[in-house]
Amino acid sequence: MTTANPDTLATKYDIAASRWADKMRLLGYYDAYLGLLSSQNFRAPSGTRVLDIGCGTAAFAEAWIAIHGPDQQVTLLDPSAEMLTHGARALAKRGVVAQTRAQTLRDHAPDQSYHCLMAAHVLEHAADPVQMLRQMRALVAPDARLWLSVSKPHWCNAIIWLQWRHRAYRADQVENMLDQAGWQLETDYAFPSGPPSRTSRGYLAKAV
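Per the working numbering: the sequence shown ends with 208, consecutive numbering throughout.
Hints may be right or wrong, so weigh each one.
[Said to hold, decoys possible] No farther apart than 20 Å at their CA atoms in a straight line, the calculated lysine to any residue pairs in the SDA-like style are these:
1. K23 to S193
2. K23 to R198
3. K206 to K93
4. K93 to Q112
5. K206 to Q180
6. K206 to A127
7. K93 to R25
8. K206 to R134
9. K206 to N176
10. K206 to D172
[Said to hold, decoys possible] Pair ranges (Cβ atoms, derived):
11. Q99 to D143: 18 to 24 Å
12. D172 to G95: 26 to 32 Å
13. Q173 to G95: 24 to 30 Å
In case anyone wonders, no lab produced these hints; they're calculated from the structure.
Only a predicted model underlies this, so the values are computations on that prediction, with no experimental measurement involved.
Ideal placement from N, C-alpha and C gives every residue a C-beta, glycine not left out.
Required output: the full structure, derived from the provided sequences and hints.
What follows is the structure, given as structure tokens:
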């Protein structure tokens, strides 16, 4: 399967932004992210620097705040300005003023390293997913954590591909890519129900 052009994707996400948050909740992805982020009893202290990569309307970051509280330094990264607008509004309702960056990961150069990264359904759109994971690794210090939600092989993803031209990866493929990019897989997580259980799998990795 070939991936879509990044500029084409950004335009498509701009168009979809106004309906995206409701769609993610209806399909169960927000609840799925809550389950993934709470599965290992990880607790982020106040002031933790968090980056949501390819954030969309920030469902992953919302789930993070619901678990860890609003005293977090959250940055939202997405090439779609419309998605960022909706994502920042969602976090503002939870008492968080997020930094927003209308950029690709390749162009993002923060002043400080991050403690935690999140990326939901981003790796599947990369022409070189190992290089993308290396770019993520460059943003953090050793022992930082990375939470991923990645599309897995299933007939549902064949249908979704018709619109988004993404890839799907088995768990062993994701672990191998993480290892090549300077990450150590700590656990993988099976979403228990709904569309996320059929389309995706969760991962937690540590920077080494």
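Hints, verified against the model:
no.	hint	verdict
1	K23 to S193	16 Å, holds
2	K23 to R198	16 Å, holds
3	K206 to K93	30 Å, violated
4	K93 to Q112	26 Å, violated
5	K206 to Q180	13 Å, holds
6	K206 to A127	23 Å, violated
7	K93 to R25	16 Å, holds
8	K206 to R134	13 Å, holds
9	K206 to N176	14 Å, holds
10	K206 to D172	16 Å, holds
11	Q99 to D143: 18 to 24 Å	23 Å, holds
12	D172 to G95: 26 to 32 Å	40 Å, violated
13	Q173 to G95: 24 to 30 Å	38 Å, violated
Hint compliance for this structure: hints 3, 4, 6, 12 and 13 are broken, all remaining hints hold.
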